[in-house]
Amino acid sequence: MSSAKEVVIKSIDEIESLLARAYWLEEEFEGVTQWEAYTSVEDKYKELLFRLSHESEGHKESLKKLISNVEGLDMDAIKQNSQARNEIKFKKHTEDVEILYEVYENDQLALDLYQKIHSMTSHEFVEEVWNGDDPEEFFEILSDIIKEEKEHINALGQYAQKLGRVK
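Residues 246 to 412 in the working numbering are what the sequence shown lists, from first letter to last.
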């Protein structure tokens, strides 16, 4: 019987890779798909999608703040790493509820990544590399993003339920 090994994020390379993925998710998955969804759906869904898109821009700003306070990370390198990933193409859907479900799935993915970064990053590691006043700010920034991602999922969940695909 093998036991699962606990994953602990405790190096600059690991955190850089994960934060680049998070930035890419906000830029591509959330930014692009939310905007494409906004331009494709009926007016009654646009307010929700506009809010989600606006908050995703806020997540990018929060990530920039977090990255700028971690010694050894460079925002330009993160952006370059992010841009090296494949561009996301929004799937063409015929029904608004399918479009909203795709946005829902993307928010689920983002939430999972943020939760893993938050729970698996070593507090000792953050204390060593944090340039800001309080290393706990690293975790607070992630907690704020996690809270908003959960709100996005809750707001979009009704459309996932309509398709019978709630996880």
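These are computed hints drawn from the structure, not numbers from a lab. Using N, Cα and C, we set each Cβ at its ideal position, and we do this for glycine too. Keep in mind that a hint or two might mislead.
[Claimed, not checked] In silico DSS-like cross-links for lysine-lysine, where the CA-CA straight-line distance does not exceed 30 Å:
#1 K309 x K291
#2 K407 x K255
#3 K392 x K291
#4 K310 x K289
#5 K324 x K289
#6 K361 x K255
#7 K289 x K255
#8 K395 x K361
#9 K395 x K291
#10 K289 x K407
[To be verified] Computed spacing ranges between beta-carbons, pair by pair:
#11 D319 x K291: 30 to 38 Å
#12 K392 x M320: 38 to 46 Å
#13 D319 x M365: 16 to 24 Å
#14 D357 x S285: 19 to 27 Å
#15 E343 x E372: 30 to 38 Å
#16 V342 x M365: 42 to 50 Å
#17 R296 x D379: 25 to 33 Å
#18 K289 x S364: 18 to 26 Å
#19 K407 x E373: 43 to 51 Å
#20 D389 x E343: 25 to 33 Å
#21 E316 x S285: 16 to 24 Å
#22 E381 x G317: 15 to 23 Å
#23 Q406 x D288: 39 to 47 Å
Q.
Next pair to validate is K395 with K361; report whether the Cα-Cα distance is within 30 Å.
A. Distance of about 14 Å is within 30 Å: holds.
Q | Beta-carbon spacing of D357 to S285 - inside the hinted bounds 19 to 27 Å or not | A | For D357 and S285 the Cβ distance comes to about 25 Å; the hint holds.
**Q.** Pairwise hint evaluation, K255 against K407, where the allowed Cα distance is 30 Å at most
**A.** Status violated; Cα separation ~41 Å.
**Q.** Hint consistency between K395 and K291 [alpha-carbon to alpha-carbon, up to 30 Å]
**A.** 19 Å, holds
Q) Is the hinted range of 38 to 46 Å satisfied by the C-beta distance from K392 to M320? A) At 24 Å between Cβs, range violated.
Q. If you check the beta carbons of K407 and E373, does the distance land in 43 to 51 Å?
A. 48 Å, holds
Q) Regarding the pair K361 and K255, is the alpha-carbon distance no greater than 30 Å? A) The hint holds at about 13 Å.
Q: Assess, step by step, whether the Cα of K310 is no farther than 30 Å from the Cα of K289, and give holds or violated.
A: Violated, at roughly 34 Å.
Q) Could one say that the CB atoms of R296 and D379 fall in the range 25 to 33 Å? A) 30 Å, holds
Q) Regarding K289 and S364, is the given constraint of 18 to 26 Å on their beta-carbon distance met? A) 37 Å, violated
Q: With a cut-off of 30 Å on the C-alpha distance, tell me whether K309 and K291 pass.
A: 27 Å, holds
Q: For the pair supplied as a hint, K392 and K291, confirm whether the alpha-carbon distance does not exceed 30 Å.
A: Given pair K392, K291 holds - Cα atoms ~22 Å apart, limit 30 Å.
In this structure, the hints that do not hold are numbers 2, 4, 5, 7, 12, 15, 16, 18, 21, 23, in rising order.
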